[in-house]
Amino acid sequence: MPIPRKIALLCLLLAGPAGAEGLSLDQALDAAFAQNPDFAAIGREIGIAEGERRQAGLIPNPELSWEVEDTRRDTSTTTVTLSQALELGGKRGARIEVAEAGQAIARLELERQRNSLRADVIQAFHAALRAQTALELAQQSQALTERGLRVVEGRVRAGQSSPVEATRAQIQLAQAEAAVRRTRTERTVANQSLARLTGSAETRFDRLDATSLSPGPAPQAERLLASVEQTAEWRLAVAQIERGDASLGSEKAQRIPNLTVSLGSQYSREERERVNVVGLSMPLPLFDRNQGNVLAAARRADQARDLRNAVELRLRSETRSALDQWGTAMGEVQAYDRTILPAAQQAVETATRGFEMGKFAFLDVLDAQRTLIEARGLYLQALALATDARAQVERIYGELPTGL
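According to mature numbering (1 follows the signal peptide of the UniProt record, and there is no 0), the sequence shown holds residues -20 to -1, 1 to 384 in order.
By construction, these hints were calculated from the structure, which means they are not laboratory data.
Idealized CB from N, CA, C, for every residue including glycine.
Treat the hints with care, as some may be off.
[To be verified] FRET-style restraints, in silico, Cβ to Cβ:
(1) 304 to 238: 20 to 26 Å
(2) 285 to 191: 41 to 47 Å
(3) 286 to 26: 24 to 30 Å
(4) 210 to 39: 36 to 42 Å
(5) 263 to 210: 46 to 52 Å
(6) 39 to 252: 35 to 41 Å
(7) 326 to 137: 24 to 30 Å
(8) 184 to 339: 50 to 56 Å
(9) 258 to 32: 34 to 40 Å
(10) 209 to 69: 46 to 52 Å
(11) 32 to 184: 46 to 52 Å
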């Protein structure tokens, strides 16, 4: 099956000059995951959560005290006591449960941020790819206007056209040259944004390597929506509920006071006698029974459940919106690929040849060129909408498996 002329042209444009250092999407993603400082900072949360889990499992330190009664040398009494607080009510286990929930949240947050970074890189890569293609197309448009200007000037010298047409051609060429300068700047900005995401302050590539500008067809909404509960963001919301429940259990455990056991030795210089000292102490929970913190923890647990419901609603809504945008944009892309762009290109060639042979006015050439330039711009806009929609879907679901 022959490749459509427009697609073959775009593939040729994307190939770039020989010997240039290229960057593929996979290379950009690998660099971003390895070097992006924001992503690296999020990864540190796992180590932080590990430290909190280790601390939660430790028991309280014993306390050593030394006391002297009657500071006179011959009549003083010295007491040395070793005290150990015994946590009652399952406080240590409750702390561990909270810390382990924090570890799960840190891992899920890293997964969510990875999906988000992946989506950002895909958007930036395709934006730079479109800017690269837009520059090539603008240069083609400039070449078309230069050709038209040469034809007009020849016809003016031959007395077959009005000098006004040459002025129009010069204006068209000036506009094409301005478009080339603008698209060149846009490509530089887009490349810089992509480089920043990959962890580099400078653009270290000359071109982008890709086989197509298209993000492909949109997947089926039903299959995606059926896997909402497998997304990192939804599982993160569930983990927040689990941590809220664990925090509530920890606050309830705090209502039971700790028991402090003391063992010591007391020596009296006056009586020259040593006696052992044993003690037990426990706060009386008459006023403070941690009731305020228990209430606050219970409300936070309820809040986490509400937030989980809000996350599910948002994910389902964003999925449908992104898929609708993706499908609509891809319909436009296919229309431009199959019909609009080939017809616009053919119209320019026909009008230019007709003008050279004296069959058409130069205004017909200008109109055909404007139509082609506008069609190319709208084509790139449709590709941008489709790519942004795909990136939004992958921000939620991660890398999309084939066959969805």
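Violating hint indices (sorted, rising)
Violated hints: 1, 10 and 11; rest satisfied.
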